[in-house]
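The listed protein sequences correspond, in order, to chains A and B. As numbered in the numbering used here, residues 39 to 224 make up the first sequence, in order. As numbered in the numbering used here, residues 1002 to 1309 make up the second sequence, in order.
Hints were generated in silico from the structure; no laboratory data involved. Worth double-checking, as some hints may not be accurate.
As the list claims (entries may be wrong) - Among the chain A residues that face chain B by a calculated CB cut under 10 Å, a handful are:
1) V93
2) A106
3) G220
To be verified - These stretches of chain A come out as covered by chain B in the derived footprint (C-beta under 8 Å, 3 or more residues):
4) 55-67
5) 79-92
6) 99-105
Ideal Cβ placement from N, Cα and C applies to all residues, glycine included.
Listed below are the residues making up each chain.
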Amino acid sequence: MEIVLFWVLAVAAVVFGFLVFRLNSMAQVTFALLASFLAVAGLVLLLGLGYLGAVIVLMMVIEMVVMAIFMIMYMMNPAGLMPMAMYHNKAGSMAISVGTFVVLAAGILLVDWPGRRGTPPPDPTVALGEALMGGQMLTMMTLGVVLFATIVATVVLATDRGRYDRLGDDLRARRADDPAGGGVGR
Amino acid sequence: MGELPWWSVLLLPVLLGAATWAVLAGDAVLRARAAGGPGGAALVAPAREVARLLAGQRRTTVAADRVLGGTGAALLPVAALLAAAVLPMGERPVADLSAGVVWFNAMEVLAWAAVWMVGWGSNSALGLVGGYRFVAQGLAYELPHMFAITTAALGAESLRLTAIVDAQRDLWFVVVMPVAFAVYLLSAAAMAFWGPFDAPVARDVAGGAAAELSGVDRLAFVGGRWLLLVVAAAMAVPLFLGGGAGPLLPAWGWAVVKTAAVLALLVWLRHRFPTVRMDRYVELAWVVLIPLTIVQALVVALIVLGGA
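Bound-form chain B, shown alone (with noise of 0.2 Å):
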């Protein structure tokens, strides 16, 4: 297997950045289709937000922490591309570390410091409340998170990515996890705080961490929170939907038509649902998927012991 060559790591953001922005129209074409009006004009609205938000000013407000603010919409986007290094596009990454999946979970950690950052750096008081709420609503999804990955870690016996693929030869991950590709999901939505999962950055507070966010902070943060989502739908496909492998196509062309498959479904998650609340997700997270993670990990010890 081995790694992708060392220019692979300036490809990497290029390819992120396109299947965000694909994710994007998409999701803007809906949105239009939706609303009645034609959805090919919602095909350019992510370029035009963008050349937008860098022509922007930056806005400030009163005694703001521009170190804090700024460091946290830097952060996001960087976070996601270092989650990303572990990926396989295709067969390989662009660095096959030996405790990938641990890399992958540190990383995507660190959008928990950039959202409460961000949320405090603008010294006002929606944007303290939607950082809270992100890390309130962090409690609740990480703990089941980590056992939904450390499942399928412990069903390749490996923590390293290349090799969870290469134990799904003959099944999928889905088939004998589907609680923890459940969970994963839906802590994959919760983590780029989306979909039903958008508390942190609701309405309700005025866009929360982002409230006061301007220019090119604002094009960082929600690119970044993009990127995070494309990031955590693609890592499914090696960690559960069996990688690259499939018939006809070429591996990288199986890994895109998996990740498209995974994000098509986050995005009719958030159409479908309406946000819920990080109290009540906790509960539910604590009292209801923890448990059921950890029955999954033990049906999993026990058919990986069974196999030795």
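If we strip away everything but chain A, and leave its shape as in the complex, we get (with noise of 0.2 Å):
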């Protein structure tokens, strides 16, 4: 039962994954890359992980739909709506990819790796979290941070208007002046 589900699962990971070169929709696209890695989350479940794989579900899924929309939006023909191939230079983006993934699958196949030492842990979730918060929290603090600062400073150089066009020159307006309005009333 588990090396068939293994079997459909890692196969429509690949295929999906193809899919994307394959199809001439950016949205059918994003959406063919989204289901190559729920397929990916499936093994990551089937290898025993709950949380971990229930995690790539959830953050994939909302990644992909907010992809999606970006995708559509920066593409050169009018709203990405019209059919496109998802590739330039045709044979050689084949030969990489193609090469890439067979010089992989070849490494996976042919290298001697060591036999299994130890046990799983009876949780793997407490596992996890303790290494995430013991061992490694200043490594999680400090990528947090620095993730949090790049979204900011993104937004903050991707938005033309500042503090000084919401509140007037002197930063005295009582009412901001925003092009939509929001629910808290500032």
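Since each chain comes alone in its own frame, lean on the hints to assemble the complex.
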């Protein structure tokens, strides 16, 4: 049963990954990539890592839906709605991607993997939590702050409106002049 | 505790379908009574609608993306059923996953993809507006929602739903974390684009994401939306309302009573309040609700640490 599931999910991951280059609609491509990721999440679940598998599903669905919107927004042709090819330099890109896949797959099959030492922890979720919030706490905190700073910096760089546009030259306007009203009435 | 036997997998859609049916009929009766007519005829209104949609022809639009549209419509009920797999019906769920809360969250978020795909699939401007509206609304409700369910898991020190129910033996979580419960109810309505959060399928865009749906596609989409609402409401019971705990009645009886109460609250919410635009709700969610839920989580964390 597990072996059948493994092969179904593995083949699905590869096929949907390949479809990303074959389909000609930006929306379909994004969701083909999502399907590929979901198959990988299924493989992680199959490994007995329930928490990681569920989190991959959660993150990938949100991420891919947001990405679909951005991809369509930034397409060269009108709104990305017309059929389009998903690659440039067809021969080169095909050679590189198939070549990478073959090299990695050959590596998996040919490397003399060491035998397993130790046993999996009784609850992998607890082990993961202890690793992240124990020994790797500093790494994770730094990563979190860096990511957050990146988001803030990107938004600041991307927007053409600053606080002077919102609150006037002396920052004394009683109500911010925003193009879209919010729900809190600032 | 443990899990229900394997055949409960088959029972789950039937039970959820029956619950959905009850809510639909109740809502239809209320609507008929409010309009001044007799409520009796509205009781069979869901049956008539299902028959009509099953027999109805599928309408297609020019250059429609049938693959994405069809997948999206089918995905919504499937996501609701998968989310319900960890729902304790009485005492035991179909699958008692160790990361049950995260599983529920991951399955319920599939609605993002489903609604956007349906909105995109029909190649209609109104449908697309509806799809985009739901994603914007998702950005508003999802983070407060995650903090709310995390708070329940934090209070029980477990992501397993049966453990969360067990932790409420003495005191229901709704007493300890009222803010998280209120936020959960709001996001339950928002994730099923229900009540004041129905902008993605609102009348001002002629039905939004569902504008061009017809026949079986519409049945799957609308039915899936109702299923999602019922599952989200039912999940409030193990998370905040003590699960099947209560005197006299068996566990499943209390679960049904409490779920019905939560659903009644959501129905009332829809009939009482006008549609909230998602741009307004985004700011409210990020400026007010997220800080509130974080403070709530902090308070619960302190209580847990103090008790340990």
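For each hint, the structure was consulted:
For V93 of chain A, the interface hint holds, the least distance from its beta-carbon to any beta-carbon of chain B being 6 Å, beneath 10 Å. The closest approach between the C-beta of A106 of chain A and any C-beta of chain B is roughly 7 Å, which is under the 10 Å cut-off, so the hint is satisfied. Interface hint status for G220 of chain A: upheld, as the beta-carbon distance to the closest one in chain B is roughly 3 Å, under 10 Å. Counting residues of the region 55-67 of chain A whose CB lies closer than 8 Å to any CB of chain B gives 3, so the stated coverage by that chain holds, three being the minimum.
For the region 79-92 of chain A, the proposed coverage by chain B is satisfied: 3 residues have a C-beta within less than 8 Å of a C-beta in that chain, meeting the threshold of three. Residues of the region 99-105 of chain A lying with their CB closer than 8 Å to a CB of chain B number 5, which satisfies the three-residue condition for coverage.
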